[in-house]
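Enquirer: Chain residues, written in single-letter form:
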Amino acid sequence: MLNTKANIADHDGFYAQLIEAHEGLDDAQSQALNARLILTLANHIGDNQVLSEAIDLVKSVSE
Amino acid sequence: MTKIFETPLYPYERSPDQDATTPVRHKVVVIGAGPVGLAAAIDLAQHGIPVVVVDENDKVSHGSRAICFSKRMLEISDRLGIGDRLVEKGVTWNKGRVFNGEDEAYAFDLLPETGHKRPAFINLQQYYLEEYLVDRVRELQAEGAEIELRGGNKVSAIGTHETHVSLEIDTVEGSYNIETEWVIPCDGAGSPTRKMLGCDFGGRVFEDNFLIADVIMQADFPTERWFWFDPPFNKGQSALLHKQPDDVWRIDLQLGWDIDREREMQPENVIPRLNAMLGEDVKFDLEWVSVYTFQCRRMEKFRHGRVLFAGDAAHQVSPFGARGANSGLQDTDNLCWKLAAVIKGEAQENLLDTYNDERVEAADENILNSSRSTDFITPKSGISRIFRDAVLDLAEENEFARPLVNSGRLSVPAVHSDSSLNSPETGSFPKRTRPGASAADAPTDDGWLLDRIGDEFAVMTAGFAAPEVPAGVKQIHIANPSEELKTRYMGDAGGVTVLFRPDQHIAARWAAPSAHDITAAIARAKGA
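Chains as they are written, first to last, in this note's numbering: chain A, 1 to 63; chain B, 64 to 591.
Just chain B, with the same shape it has in the complex (with noise of 0.2 Å):
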């Protein structure tokens, strides 16, 4: 059988911009069709900007790479059109176990909270992610939208001016160049826009080597995370197993800093470790195998002018805590309606700055979060290593010093309590739908809230009459709220009004709000 990944999604086809005399302007420019570039083209084409996706390779990616997606990537999912599709196939867990030697430390349960329309994570090949955006963005062109997708298409120069970016595209048959108006760069962690650019990539490199191995096989280990400290079939290292779906499993050993890399990639090599730790009568076949070494690092702007970073082109984290194709996706999702906004006209260019420091407060706390999951599993000093130790022998008795064994803090998304678009809230609420935080879910008499929300700005009232709202804003009036969503949303108060930005993220809440104070916080969420 084929694999997914071998197969050409996208091939070279020549485009009338290479026989044009001048250059052709486009709106925005994507580079890389990775899953933060096409979530990104996708979420502009479905604001009605016009946009190009160029990309050296014409396939999915290659192995399964990024595995574990978040709630909230899968609420943006939704809100691009592929949510059932990730979660239908993808593989849905709750429970956890994490081994110290040759026992078993504790188990747990992330015991996901009732009410949301989608699970805590689920796991998936990213390879299956990107074949559904591919999907997603022929259904787009078929229903007439602009947005093309352009394989053996690899960016070789970038020239920034002050009305558009100016690039230049190698392919099979020759060079050619384009204009854009605005560029992003999603063309991953070793970037070439960004070394093009110049721009600095700064942060920890961490001296140590994974194999990750996604091995094919009927096993019967129960959907869980198992994380081992210490194993004795990798002594003094970790190792981590991991269910995909279609009977693949991801292993990841820990191997050092001292290693050869091209050796433990071998097969013959590969093979016997995985021996030890799955059992020498177990039946296997080997999907993909790689060697990695990670850093957590960002650039210090993620926008430059009319280029606009995003995902691991930006920032870079260690794999600890599935934080780096999940804060991609919530890059894109900051971004696409501010770039749509100003593109349109509605907003000046100045709200993208607030796509800056957002996105970059958001990575400095995914770096911290995996920096410190990456300290506590590879300690990196003879007293880091002792206090580890002494945190995973406690915990297996002491319920205390369970939250202190870190084999990883799982993504969450970062609430941006100083954004410059948040209003000043009157009233007492609950202080997890503070202006900055993503909308939480919950179930309403019309469907789950998120996909009532959909994709631009929108005003919700519970419990209260329903205030008058600007011309144009949608409007949800919800006159009997789900205990959840009284939970989530109105705490003690007997109604609250709440303004949600295009990205489902809260703009502002009010108890009883007058229109005038509804459009003053629609233009400061658009950065007036």
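Bound-form chain A, shown alone (with noise of 0.2 Å):
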């Protein structure tokens, strides 16, 4: 089951490496390099059903 609860010791250490990982790329760049990313978060998550969970969550979201 997709875990929806806070999970991550330093959450604010994480965003600020995430955006400082976007420092100097164009808009395609970041894009590549966020799918990138979501590809091997993925494969770290492995569970199908999970995965399948949370792109049902996110597109739910309005903007």
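Among the clues, some could well be false.
To be verified - Here are the computed distance ranges between Cβ atoms for each label pair:
1) 349/B x 37/A: 43 to 53 Å
2) 69/B x 57/A: 50 to 60 Å
3) 175/B x 36/A: 35 to 45 Å
4) 66/B x 53/A: 51 to 61 Å
5) 259/B x 58/A: 21 to 31 Å
6) 66/B x 57/A: 52 to 62 Å
7) 158/B x 2/A: 28 to 38 Å
In short, the hints are calculated from the structure, not lab data.
On a predicted model such as this, the values are computed, not experimentally measured, just so you know.
C-beta: ideal position from N, C-alpha, C; glycine also.
Make the complex out of the two chains shown on their own, each in a separate frame, by following the hints.
Expert: Here it is in structure tokens:
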């Protein structure tokens, strides 16, 4: 089951590192980096059920 | 009614120093009578050290400026004798709301832990803090303490020497010279002293402007911190609403980088912005308006020989997180007992280097946290904004995204885990009270723990029988510890002995120390 509780110990450190990873990239490069990151994390998760729940969740969020 | 910040509280008076044939030598001179300078002077006077404060003005700060004071700052204020006045006058708050556009993203409650004398935060205008500090100076003077406050005294030149520092001071009646063994510049982010000494002040400038307005209104907004990302009344920017005493409300509106600063501060431009935010029918008066930009930067070293920088003069942070004045008072909390010990000959000068080490560490932590908040609030790239907005969109329905929302990480005291003043610990105790941490308050059978520690070295034993302590060291024995004290200091252990420094930071803890262990830990905490 998809974990929707807060789960990252140093969340501010993670967020800062994520933004820093994009520094100096143009839009296309940033999109490509995000895609690589998602695919890498998806592999780490591994469970198709969890990945499916995550995709459903983010598609339902209104902007 | 005349506002407190329009009243001269320490008008210029001629000092005998101005008629001396050779410059009078003082022990300590503090430059700047803001919150940090006044706290330094009071702390030193309470330790029996004569001190002179010089300031080019004679009034408390104009406008509310710093408004949000943390629990640790209030605990320090208790030690300085003004804690009760601050809390009585201040607005205590715990709840906050974060809005994203027109929608509420989520609400939070700081859920303050029980069993502390002081609340997590209060809001109070800086001018009240300064007024209470000036009153405390007067009280100490009446008790015979050697503490002097010289208004209309502007330091115009500084010279550093092996044994002393010389100062040239300008007044309406001309210049005079004094000497001092030590000087503490607390003269703000633009520190003239720092400039006169040619010291560095490196860091990062954030390309943004914020309109800050103190509004007097009878409004039924609750006592909560409201923060907006991209609100309809300030599209693409952020906004903050926070309550202060006397029906004064602090409003911050992000303006962006390319603005006409003078124009934005004109009431005819400010009032429509506030109407858009508060509603056209809300009546209000403007108490104070300012436009600020901010920086995150610090001096490489806070100690330059006999010159000991403190507060914004030494380090500057963005305002998100209330880490300015709160960290300034933690600077003087750290510095004053050390300087007093050096002046009294109880410690070597190298103890002052640990002021530098510990407070540089704290400044870096504050700069890191406030830079991250600023990057979240004001994203500096397209992708940074996309991630920020994704966090906010997710946070409305999903708990996991809420910790990522960063509208300011509120000030907590730094833990000096690697300080050379700590002794290695023996035994297994709760992490929060490890050596280097500031003392956690707790109720005891004879009042609050922090009130009992006070401002000298103190040995507290809870649970176990009291150990033998060296002569002259304060001992606190708690035979029947409260549940809070057990949780915070003992954990699963049957008892503990803790050594507190005079700034109430923990220097050592043991299961069963000998008198020799305690003596050695105190010597180490004094820099030996």
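Enquirer: Hint by hint, say whether it matches the structure.
Expert: Structure-based check of all given hints:
Separation of residue 349/B from residue 37/A is about 48 Å and conforms to the stated range, judged on CB atoms against 43 to 53 Å. Between residue 69/B and residue 57/A, the C-beta spacing of about 57 Å keeps the proposed range 50 to 60 Å intact. For the hinted restraint 35 to 45 Å between residue 175/B and residue 36/A, the CB-CB distance of approximately 43 Å keeps it satisfied. The hinted range of 51 to 61 Å is satisfied by residue 66/B and residue 53/A, whose Cβ atoms lie roughly 58 Å apart.
In this structure the hint that residue 259/B and residue 58/A lie 21 to 31 Å apart at CB is violated, the actual value being about 56 Å. Take residue 66/B and residue 57/A: their Cβ atoms lie about 53 Å apart, and the range 52 to 62 Å holds. For residue 158/B and residue 2/A, the hinted distance range of 28 to 38 Å is satisfied, since their beta carbons lie about 30 Å from each other.
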